[in-house]
Amino acid sequence: MLNVDGVCVKRGGKPTLQGVSMSIAPSRTLAVVGESGAGKSTLIGAILGMIPCAAGTITWNDAPVRRCKPALVMQEPRSAFNPRLCLRRSVMEPLVAQGIAVDAAHLAALCQGLEISADLLDRRPSQVSIGQAQRVGILRALIASPPLVLFDEPLSALDAVTQKHTARLIADLQQNVGFAALIVTHDLGYAAAFADDIAVLRAGRIEELTTAQDFVTAPQSAYGHTLRDAAFALGALEQVA
Amino acid sequence: MTIWATGLSAERSGRTILHSTDVVIRSGERVGLVGASGSGKSTLGHALIDTLQAQGQSVAHVPQSPDEALDPLRSLAFHWAEAERALGMKPDPTRQAELFTALRIEGGNLRKRPWGWSRGMQQRFVIAMALIGAPDLLVMDEPTSALDPIVAAGTMDLLDRYLQDRQTALLLVTHDLGLAARRVSRLMVMEDGRIVEDAPTHQVLSAPETRAAKSLCAHRNWLELPC
Numbered sequence: 001m002l003n004v005d006g007v008c009v010k011r012g013g014k015p016t017l018q019g020v021s022m023s024i025a026p027s028r029t030l031a032v033v034g035e036s037g038a039g040k041s042t043l044i045g046a047i048l049g050m051i052p053c054a055a056g057t058i059t060w061n062d063a064p065v066r067r068c069k070p071a072l073v074m075q076e077p078r079s080a081f082n083p084r085l086c087l088r089r090s091v092m093e094p095l096v097a098q099g100i101a102v103d104a105a106h107l108a109a110l111c112q113g114l115e116i117s118a119d120l121l122d123r124r125p126s127q128v129s130i131g132q133a134q135r136v137g138i139l140r141a142l143i144a145s146p147p148l149v150l151f152d153e154p155l156s157a158l159d160a161v162t163q164k165h166t167a168r169l170i171a172d173l174q175q176n177v178g179f180a181a182l183i184v185t186h187d188l189g190y191a192a193a194f195a196d197d198i199a200v201l202r203a204g205r206i207e208e209l210t211t212a213q214d215f216v217t218a219p220q221s222a223y224g225h226t227l228r229d230a231a232f233a234l235g236a237l238e239q240v241a
Numbered sequence: 001m002t003i004w005a006t007g008l009s010a011e012r013s014g015r016t017i018l019h020s021t022d023v024v025i026r027s028g029e030r031v032g033l034v035g036a037s038g039s040g041k042s043t044l045g046h047a048l049i050d051t052l053q054a055q056g057q058s059v060a061h062v063p064q065s066p067d068e069a070l071d072p073l074r075s076l077a078f079h080w081a082e083a084e085r086a087l088g089m090k091p092d093p094t095r096q097a098e099l100f101t102a103l104r105i106e107g108g109n110l111r112k113r114p115w116g117w118s119r120g121m122q123q124r125f126v127i128a129m130a131l132i133g134a135p136d137l138l139v140m141d142e143p144t145s146a147l148d149p150i151v152a153a154g155t156m157d158l159l160d161r162y163l164q165d166r167q168t169a170l171l172l173v174t175h176d177l178g179l180a181a182r183r184v185s186r187l188m189v190m191e192d193g194r195i196v197e198d199a200p201t202h203q204v205l206s207a208p209e210t211r212a213a214k215s216l217c218a219h220r221n222w223l224e225l226p227c
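Quick note, the sequences are listed as chains H and X, same order.
Those letters in the first sequence? Residues 1 to 241, by my numbering.
Those letters in the second sequence? Residues 1 to 227, by my numbering.
No lab work stands behind these hints: they were computed from the structure.
Hints may contain errors.
Only pairs whose alpha carbons sit at most 25 Å apart, straight line, appear in this in silico SDA-like list of lysine to any residue [stated by the list, open to error]:
id, chain 1, residue 1, chain 2, residue 2
1, X, K214, X, S145
2, H, K10, X, W115
3, H, K14, X, G116
4, H, K14, X, M121
5, H, K69, H, T59
6, H, K14, X, W117
Here the structure is a predicted model, which is why all the values come from computation and not from measurement.
Turn these sequences into a full structure, and let the hints guide you.
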């Protein structure tokens, strides 16, 4: 289980995360929503150990989180790969880095779950669509079977139909594999439909942390209300009568 | 003034990416141009703008991101003056104040460069620039995707209010049917470089006829996705 406890992060002397606490159990999904600059990506950096914490602890099953080798799915799928390598080599990188042998059955099952054909992996990033590239990005994240996967705006580069299709594939895989997921997104529709819990981050603090269902029907904070109503106004969420 | 353009088409690398298309938009009408990535909607938007400008009709474009419209090395005052000059207008502080008030950027310091303003304010500034010449048609390409939801909703609401009393038509180019459904009265659905469906919004939403429209409708709402 991921435990983030009282985490504070300072960048350039300014606090960007202040007393952030949350936890995610295996097979559960927590969506972190909030405006630009709220600290969403800093939180991901802190969990991955790329950004040092000024205070607080981040653990996976009471051990430092890096030991569980969490994976990251990035926002811009095509720029997440080395453009000169075929996708297969990029996908295998986590296995090479961790000294794990390729499990052909596991790879085949993931490819099937993500609707990735074998020939797709022999292409370069520029030779596939953005939706295909993001599915391969998810494949790379899951290839070494990490217990924790972090998604940084995983769907925002995709069109509306591909977004929803990809979200469904991620959710189905999660059900089969059982990883814990933290999804950073500004799309409340996605968060409400696919996350178990939603954390609203504002100016580095957790404004509210509630179940996705409760957030849609009755946000606890004034800012949560504003955020939800904006999602209604943009058609990302349908108003419940 | 009714906007019309006929025989719009485009090719890239010898491949037709926009088949011959006619577009008619009534004065003050709000139209959504929707479709998946690569369906040709942005191409049609650009072809329409080019053709209308060549015909001498007044059309303005708001790109997806303010970065595409603003030079980071120039002040916002420079951008505004340049936009006025391009339209052959003399500096008109009254018009500027009216637009800035409508889009709630009246407190912004024009001596700053774009990055001195928030992205939401930058986008509203770009919309205000597009409206300087009171165009007959405003073409907006994914206007909310670069913004946070709260800022995006606020910007669209302000624009709605501004356009309400004027005869400016709006063409909203977006992959997001949920957004379009909230903002336009007519939808043009694109697939493979063609408009495959063109009908009132409520009709497309309640009884989509084509595969593209059915797919968009089925994926419109996050909470009611097909299994």
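Status of the hints after comparison with the structure:
1. Restraint check for K214(X) and S145(X): satisfied, since their Cα atoms lie roughly 23 Å apart, inside the 25 Å limit.
2. At roughly 23 Å between alpha-carbon atoms, K10(H) and W115(X) fall within 25 Å of each other, so this suggested pair holds.
3. Only pairs whose Cα atoms come within 25 Å are accepted, and K14(H) paired with G116(X) is accepted, the gap being roughly 19 Å.
4. Restraint check for K14(H) and M121(X): satisfied, since their Cα atoms lie roughly 24 Å apart, inside the 25 Å limit.
5. Only pairs whose Cα atoms come within 25 Å are accepted, and K69(H) paired with T59(H) is accepted, the gap being roughly 12 Å.
6. A distance of roughly 20 Å separates the Cα atoms of K14(H) and W117(X); the hinted pair therefore holds under the 25 Å criterion.
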